[in-house]
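As given, the protein sequences belong to chains A and B, one line each in that order.
Positions 17 to 258 (the numbering used here) are the ones given, in order, by the first sequence.
Positions 17 to 258 (the numbering used here) are the ones given, in order, by the second sequence.
Incorrect hints may have been included.
[As the list claims (entries may be wrong)] Distance condition first, Cα-Cα at most 25 Å in a straight line; then the derived SDA-like pairs of lysine to any residue: (1) B:K211 <-> A:G150; (2) B:K211 <-> A:N29; (3) B:K211 <-> A:G185; (4) B:K165 <-> A:S202; (5) B:K211 <-> A:E188; (6) B:K34 <-> A:D26; (7) B:K211 <-> A:K223; (8) A:K223 <-> B:T190; (9) A:K142 <-> A:M184; (10) B:K165 <-> A:N29; (11) A:K87 <-> B:T190; (12) B:K87 <-> A:E188; (13) A:K165 <-> B:H27; (14) B:K211 <-> A:S202; (15) B:K105 <-> B:S60; (16) B:K223 <-> A:L189; (17) A:K165 <-> A:K223; (18) B:K165 <-> A:K87; (19) A:K165 <-> B:R18; (20) A:K74 <-> A:G246; (21) B:K165 <-> A:G93; (22) A:K128 <-> B:K165; (23) A:K186 <-> B:K34; (24) B:K165 <-> A:E153; (25) A:K165 <-> B:N29; (26) B:K234 <-> A:L198; (27) B:K105 <-> B:Q233; (28) B:K249 <-> B:V81; (29) A:K186 <-> B:K165; (30) B:K105 <-> B:K223; (31) B:K128 <-> B:D244; (32) B:K87 <-> A:L32; (33) A:K142 <-> A:L101; (34) A:K142 <-> A:K87; (35) A:K165 <-> B:E153; (36) B:K186 <-> A:K142.
[Claimed, not checked] Where chain A lies over chain B, by a calculated footprint (3+ residues, C-beta under 8 Å): (37) 166-179; (38) 184-196; (39) 212-226.
In short, the hints are calculated from the structure, not lab data.
Note that the structure is a prediction, hence the values are computed from the model and not measured.
The C-beta atom is built at its ideal place from N, Cα and C for all residues, glycine as well.
2 protein chains.
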Amino acid sequence: MRIDIAISGDHVNADLVKGKTVIVVDTLRATTVIITSLVNGAKSVVPVSTVEEALSIKKRMENAVLGGERKAKKIEGFDFSNSPLEYSKGAISGKNVILTTTNGTKAISRSKDGNRVLIGALVNAKAAARKAHGFSEDIIIVNSGTDGKFTMDDFITGGAIVEEILAMGKAELTDIAKTALLIYRSHRDIRSYVKEAAHFRILEDLKLDDDIDFCLQKDIFAIVPEFDHGVIKLTEGQISLL
Amino acid sequence: MRIDIAISGDHVNADLVKGKTVIVVDTLRATTVIITSLVNGAKSVVPVSTVEEALSIKKRMENAVLGGERKAKKIEGFDFSNSPLEYSKGAISGKNVILTTTNGTKAISRSKDGNRVLIGALVNAKAAARKAHGFSEDIIIVNSGTDGKFTMDDFITGGAIVEEILAMGKAELTDIAKTALLIYRSHRDIRSYVKEAAHFRILEDLKLDDDIDFCLQKDIFAIVPEFDHGVIKLTEGQISLL
Chain A
17 MRIDIAISGD HVNADLVKGK TVIVVDTLRA TTVIITSLVN GAKSVVPVST VEEALSIKKR
77 MENAVLGGER KAKKIEGFDF SNSPLEYSKG AISGKNVILT TTNGTKAISR SKDGNRVLIG
137 ALVNAKAAAR KAHGFSEDII IVNSGTDGKF TMDDFITGGA IVEEILAMGK AELTDIAKTA
197 LLIYRSHRDI RSYVKEAAHF RILEDLKLDD DIDFCLQKDI FAIVPEFDHG VIKLTEGQIS
257 LL
Chain B
17 MRIDIAISGD HVNADLVKGK TVIVVDTLRA TTVIITSLVN GAKSVVPVST VEEALSIKKR
77 MENAVLGGER KAKKIEGFDF SNSPLEYSKG AISGKNVILT TTNGTKAISR SKDGNRVLIG
137 ALVNAKAAAR KAHGFSEDII IVNSGTDGKF TMDDFITGGA IVEEILAMGK AELTDIAKTA
197 LLIYRSHRDI RSYVKEAAHF RILEDLKLDD DIDFCLQKDI FAIVPEFDHG VIKLTEGQIS
257 LL
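Please work from the sequences and hints to get the whole structure.
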């Protein structure tokens, strides 16, 4: 088993993910939002690239709500922003969330040719590692990044997932997977590393400290959503907190 | 001044480098070979992509010698491999070196649209930082990587160059530049990090330990070659060791 990391959704294509288990990560905040929604009883999350696509799908989907961001802020006319704190049980239970974000939803759709596409973040790092390890095939962690660029928040999440996979058995690591692991191991206080991230400062400037606190909690959830045919759901045997 | 790092020549295009000072790095071993050649009195280094191109240029160039590698080994009919130790004063003085390697020469040619393209490695890290800093424009360190992938040897070299630039004044770092700097600062014994690199092991298996030792020496040279119109030379005021 070989573990690799892509630093941006922009670097992902069919060749890179073919035959592999993919774990897509957008720690701040898209994949944390997706996991939280499904934990809180959403029926599905539909990731889309554009606002127009989101509005169009909403018209033909039952119990649909709109979530997402542009420039880290709520989109006009949408029900929710990209804050995991808004996706509470009361707000989201039984709903289909149509989600569009700048980087995360793109990284998910670009990963579609993987053998399977799992949704990971710090909040479910151990569970994502365990699920991916169970398939016994090469793993690629796809970091969403920001506008095609490497982000520290996703990189250290990758390192955390690599460590959890290694705890379950041997694996061969690429140079970048080794480096992410080193960064994670030298920053057990994850915030001490992530606070240097450009995106962290943007969220801080928008007074989204509570979002950051939420997203940086490791292993608070044990579910691992899967993306298949355009829709993200819990797979059989996984239960929400409902 | 903003400092960024690209993890592979494959990710480089005109948009990424436009308006910037580029420092191309292939620590093991292409840029170390280029710097060493010019230190030892080569008139120029001509980086080319293919063996055919190298042979064709040799026919119409005076005092030309052929150097490079495929799969880290010498190419049939070539004068030199990709070992910096072969490019001695006696062998190379007054010659034009036509060089083709798997990753380094490609990264150089893909960087051609930068405001200027400097050649960096550990052997000239401080000099490369000083020269780049002098232009007072954004800097992108282009790591050659291996077959499109991140390599640890280039990454820590990037970190070393970032540190040397910061020693000369303030600069804004992207997330990846910050991370490379962290890796360099936590591995002052550069070999302790680089020995985990996949490419390091390949060179070790080929008994190229002396090459590795040579390439990992920081700041043994004070020159910074520049790539311009297809040719790498020392710029005015820089002298070889002749």
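Verification of the hints:
1. B:K211 <-> A:G150: 30 Å, violated
2. B:K211 <-> A:N29: 30 Å, violated
3. B:K211 <-> A:G185: Holds, at roughly 22 Å.
4. B:K165 <-> A:S202: With Cα atoms ~23 Å apart, K165 (chain B) and S202 (chain A) stay inside 25 Å; holds.
5. B:K211 <-> A:E188: Cα-Cα ~15 Å, so holds.
6. B:K34 <-> A:D26: 19 Å, holds
7. B:K211 <-> A:K223: 43 Å, violated
8. A:K223 <-> B:T190: 22 Å, holds
9. A:K142 <-> A:M184: With Cα atoms ~10 Å apart, K142 (chain A) and M184 (chain A) stay inside 25 Å; holds.
10. B:K165 <-> A:N29: This hinted pair holds, its Cα atoms lying about 14 Å apart.
11. A:K87 <-> B:T190: Judged against 25 Å, a Cα distance of about 18 Å means the pair holds.
12. B:K87 <-> A:E188: Measuring from Cα to Cα gives roughly 21 Å; hence the hint holds.
13. A:K165 <-> B:H27: 11 Å, holds
14. B:K211 <-> A:S202: 18 Å, holds
15. B:K105 <-> B:S60: 14 Å, holds
16. B:K223 <-> A:L189: Measuring from Cα to Cα gives roughly 23 Å; hence the hint holds.
17. A:K165 <-> A:K223: Since the Cα atoms of K165 (chain A) and K223 (chain A) sit roughly 23 Å apart, the hinted pair holds (cutoff 25 Å).
18. B:K165 <-> A:K87: Violated: K165 (chain B) and K87 (chain A) sit about 30 Å apart, past 25 Å.
19. A:K165 <-> B:R18: With a Cα-Cα distance of about 14 Å, the restraint between K165 (chain A) and R18 (chain B) holds, given a limit of 25 Å.
20. A:K74 <-> A:G246: 14 Å, holds
21. B:K165 <-> A:G93: 42 Å, violated
22. A:K128 <-> B:K165: 21 Å, holds
23. A:K186 <-> B:K34: 43 Å, violated
24. B:K165 <-> A:E153: Holds - the C-alpha atoms of E153 (chain A) and K165 (chain B) are around 20 Å apart, at most 25 Å.
25. A:K165 <-> B:N29: OK: K165 (chain A) and N29 (chain B) at ~14 Å, within 25 Å.
26. B:K234 <-> A:L198: Satisfied, since the Cα-Cα distance of roughly 22 Å is no more than 25 Å.
27. B:K105 <-> B:Q233: 19 Å, holds
28. B:K249 <-> B:V81: At roughly 15 Å apart (the allowed maximum being 25 Å), V81 (chain B) and K249 (chain B) satisfy the hint.
29. A:K186 <-> B:K165: Since the Cα atoms of K186 (chain A) and K165 (chain B) sit roughly 22 Å apart, the hinted pair holds (cutoff 25 Å).
30. B:K105 <-> B:K223: Between K105 (chain B) and K223 (chain B) the Cα gap is close to 23 Å, so the pair holds against 25 Å.
31. B:K128 <-> B:D244: 8 Å, holds
32. B:K87 <-> A:L32: Holds: K87 (chain B) and L32 (chain A) sit about 21 Å apart, inside 25 Å.
33. A:K142 <-> A:L101: With Cα atoms ~21 Å apart, K142 (chain A) and L101 (chain A) stay inside 25 Å; holds.
34. A:K142 <-> A:K87: 30 Å, violated
35. A:K165 <-> B:E153: 20 Å, holds
36. B:K186 <-> A:K142: 39 Å, violated
37. 166-179: holds (count 4)
38. 184-196: holds (count 5)
39. 212-226: As far as the region 212-226 of chain B goes, the hint holds, because 4 residues have Cβ atoms under 8 Å from chain A.
Consistency with the previously given hints fails for numbers 1, 2, 7, 18, 21, 23, 34 and 36, ordered from lowest to highest.
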